[in-house]
Every structure is written in structure tokens, then in C-alpha cells.
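Chemist: Build out the structure end to end from the sequences listed, making use of the hints.
If you read the sequences in order, they're chains E and X. Numbering-wise, this note's numbering puts 54 at position 54 of the first sequence, and it's gapless, one number per residue. Numbering-wise, this note's numbering puts 148 at position 148 of the second sequence, and it's gapless, one number per residue.
Honestly, the hints are just simulated from the structure, not real lab data. Each hint should be verified, as a subset may be incorrect.
Treat identical chains as interchangeable: a pair holds within one or across any two.
Pairs of lysine-lysine, DSSO-like flavour, derived with a Cα cap of 27 Å [claimed, not checked]:
| no. | residue 1 | residue 2 |
| --- | --- | --- |
| 1 | K11 | K89 |
| 2 | K24 | K11 |
| 3 | K139 | K11 |
| 4 | K85 | K7 |
| 5 | K14 | K85 |
| 6 | K139 | K82 |
| 7 | K73 | K7 |
| 8 | K14 | K82 |
| 9 | K82 | K24 |
| 10 | K85 | K24 |
| 11 | K51 | K161 |
Number of protein chains: 2
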Amino acid sequence: MTPETVKSLIKDVKDFPQEGIVFKDITPILENPVAYRSVMNFFINCLEGLKVTHIVAIESRGFILGASLAVLKELPLTLVRKPGKLPRKTISYSYDLEYGSDTLEIHSDALTSEDRVVIIDDVLATGGTAHATEELCRKAGAQVEKLLFLIELNELKGASKLQAPYNSFIQF
Amino acid sequence: MTPETVKSLIKDVKDFPQEGIVFKDITPILENPVAYRSVMNFFINCLEGLKVTHIVAIESRGFILGASLAVLKELPLTLVRKPGKLPRKTISYSYDLEYGSDTLEIHSDALTSEDRVVIIDDVLATGGTAHATEELCRKAGAQVEKLLFLIELNELKGASKLQAPYNSFIQF
Chain E
1 MTPETVKSLI KDVKDFPQEG IVFKDITPIL ENPVAYRSVM NFFINCLEGL KVTHIVAIES
61 RGFILGASLA VLKELPLTLV RKPGKLPRKT ISYSYDLEYG SDTLEIHSDA LTSEDRVVII
121 DDVLATGGTA HATEELCRKA GAQVEKLLFL IELNELKGAS KLQAPYNSFI QF
Chain X
1 MTPETVKSLI KDVKDFPQEG IVFKDITPIL ENPVAYRSVM NFFINCLEGL KVTHIVAIES
61 RGFILGASLA VLKELPLTLV RKPGKLPRKT ISYSYDLEYG SDTLEIHSDA LTSEDRVVII
121 DDVLATGGTA HATEELCRKA GAQVEKLLFL IELNELKGAS KLQAPYNSFI QF
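Modeler: Here is the structure:
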């Protein structure tokens with residue numbers, strides 16, 4: 001299935017999660033195995049030639065894409081979560097939002113300086129979350145080889161915040 | 001890898017998320033592709049002979065297991081989430097906890113009366129969440145064929161709350 005066909009499955013939801021925002025609902029892609037496999041094939045192609053040791057998935061829709069990719073590629077899956085969700089000692093990274101701030105965490109022992117990771121999430125929007133995850137991986141000692149996204153929202157210019165190369169399957 | 005070997009990877013974390021609770025940390029299983037594949041092979045065997053149309057995954061560690069199983073079995077993945085997370089019209093189900101209550105939601109159009117689903121989550125504890133998800137699937141019109149869990153905490157007797165058959169890979 002082409003990216004355009006997969007894109008046509010996405011449902012726009014107005015005023016979610018708050019007024020003025022048009023949310024891109026990807027659940028129809030998850031519910032369509034042929035579309036979903038096309039996304040996975042794209043991600044697998046993006047990893048060609050890279051020596052990747054871990055898939056790092058961002059809570060919580062990133063868990064879905066990351067868990068599928070990790071099992072297909074037989075790679076370890078490492079979780080990046082919101083504060084207080086990971087049970088053992090963590091490294092954390094806080095970053096500014098338009099209003100307020102947010103924090104992400106990774107287990108302190110999840111990665112080493114030998115590791116070369118690929119970060120995965122559903123959407124690249126402002127890039128704040130993705131950038132924070134890059135910083136977390138580096139604080140944990142690992143090298144970020146690439147970032148992968150199902151959707152990129154071009155006008156929010158999140159790509160400008162990323163340090164490692166990235167790929168997105170669908171652009172809006 | 002045998003269930004006993006996979007079980008030995010799980011880390012007990014005392015007093016998480018609150019005092020007196022010993023949390024079973026499954027992240028070492030996610031980080032070990034051979035162990036993780038053993039879990040998946042078990043789940044795949046559990047589905048043999050069943051006519052399953054959807055994998056229904058419970059937020060958020062259930063998303064991980066469900067997304068891996070769905071991509072391996074080429075089945076649609078349907079999400080059950082906490083309130084306010086699913087963007088379109090939902091069916092919700094509330095259930096009592098020891099203190100207070102909790103609610104889960106599924107998209108109203110996610111399932112039909114033709115559908116036969118398998119519910120998946122990381123832990124079967126008191127069974128409240130799993131039972132609520134069974135009810136949600138039925139409210140959405142679908143038949144629950146089976147429930148799958150990575151871990152079952154026997155002393156909490158969650159199995160007594162389930163209506164459909166279930167399998168757990170590891171028991172404590």
C-alpha cells in the first residue's frame with residue numbers, strides 16, 4: 001500500500017484534545033493489517049545499512065509502532081515514559097512546552113555506550129518530545145542512529161529540532 | 001526459551017507504585033529479543049484453532065504485546081484506553097477499584113457483531129481491567145474468544161472475574 005493510500009485512512013478529528021487542534025487519528029491504520037505492514041516495511045527499509053542495537057519507543061502510541069518493529073527486526077525494545085511510570089532508577093529530561101513543561105524518563109541501565117538506537121514515535125509535531133528522547137538516549141550513553149515517525153506535520157517544523165537523521169512515512 | 005527462564009528475567013521492585021506493593025518489572029523481557037519471541041510464540045500457539053478477527057490491547061503495556069502479536073498474526077489492532085485518550089466517539093465502562101473507580105474506553109466503531117476478539121495485557125492481577133475490557137468488547141457487539149497475559153498473579157484470583165477462556169505465560 002502506498003503512503004498516499006495509508007494517509008487516506010487517517011481521520012481528522014477537530015478540536016481534539018483541545019479547541020483549535022485538528023488531531024490526526026491513526027487508529028484506522030492500526031486496524032488495517034495491510035496498511036500497517038506497509039508502514040513497517042517502510043521502517044525496515046529505513047534501517048537498512050544501519051547497525052542498530054535497540055528500538056527506543058516513546059509512550060504511548062510509540063510503544064505500538066516500536067513493539068511491532070522490534071519483534072519484526074528481533075531487536076530489544078526500550079521504553080521512554082512519562083514520569084513515575086518506569087519502576088527502577090531512571091534518567092530524566094525536562095523540556096519546555098508552549099505552556100509549562102514536560103518530562104520523559106528512561107531506565108538508567110537501559111542503554112550503554114556500545115548502543116546505537118533508533119527512536120520511534122507516531123507523530124513528529126513540534127519535535128519537543130523527539131528531541132527530549134534524543135537527549136535521554138545520549139545521557140544514557142548511546143548513539144542515536146535515526147528517528148522514525150509515522151506522520152510528520154510539516155508546518156510545525158519539528159525536524160529542525162532533531163540532531164540525528166530521521167524518516168517519516170506520511171507528511172501533512 | 002522456557003517460561004521459567006523468561007520468568008527469571010523479571011525484576012521485583014519493592015514499594016512501587018506505592019508502599020507495600022512488589023512490582024513485577026517486565027522491561028527486561030522487552031529488552032531480550034529471544035525471551036520476547038518466546039512470549040509471542042506462546043501467544044501464537046494459544047490462538048491456534050480460533051477464528052480471531054482483532055487483537056484488543058489494553059493501555060499501555062498491553063499496547064506493546066498487542067502490537068507485536070498483531071503484526072506477527074497480520075490482524076487488526078484495536079486500542080482500549082483511559083478516558084479522554086481516544087479522539088472519536090467511544091463506548092466506556094467504569095469499574096470499582098479498592099479505593100475509587102476507573103474507566104476504560106473503546107472507539108464506538110472499532111468492533112462489530114461479526115468480530116471475535118482476543119484481549120491482551122501484560123498482567124492479570126485482580127482482573128478488574130481485564131473484566132472491564134471484556135464488557136467493553138461485548139458492548140461494542142463483539143465476541144471475546146480469549147484473553148492473553150504475560151504474567152498472572154495467582155493470589156489475586158483475577159481469573160475468577162473473567163468470562164472467556166484465558167492463558168498466561170508466567171505465573172507468580
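Chemist: So, for every hint listed, does it hold in this structure?
Modeler: Results for each hint:
{"no.": "1", "hint": "K11 - K89", "in the structure": "between (39 Å within a copy, 12 Å between copies)"}
{"no.": "2", "hint": "K24 - K11", "in the structure": "within (6 Å within a copy, 37 Å between copies)"}
{"no.": "3", "hint": "K139 - K11", "in the structure": "between (37 Å within a copy, 23 Å between copies)"}
{"no.": "4", "hint": "K85 - K7", "in the structure": "between (32 Å within a copy, 21 Å between copies)"}
{"no.": "5", "hint": "K14 - K85", "in the structure": "between (30 Å within a copy, 14 Å between copies)"}
{"no.": "6", "hint": "K139 - K82", "in the structure": "within (17 Å within a copy, 31 Å between copies)"}
{"no.": "7", "hint": "K73 - K7", "in the structure": "both (24 Å within a copy, 23 Å between copies)"}
{"no.": "8", "hint": "K14 - K82", "in the structure": "both (26 Å within a copy, 20 Å between copies)"}
{"no.": "9", "hint": "K82 - K24", "in the structure": "both (21 Å within a copy, 18 Å between copies)"}
{"no.": "10", "hint": "K85 - K24", "in the structure": "both (26 Å within a copy, 13 Å between copies)"}
{"no.": "11", "hint": "K51 - K161", "in the structure": "within (23 Å within a copy, 46 Å between copies)"}
In the structure shown, no violation is registered for any of the earlier numbered hints.
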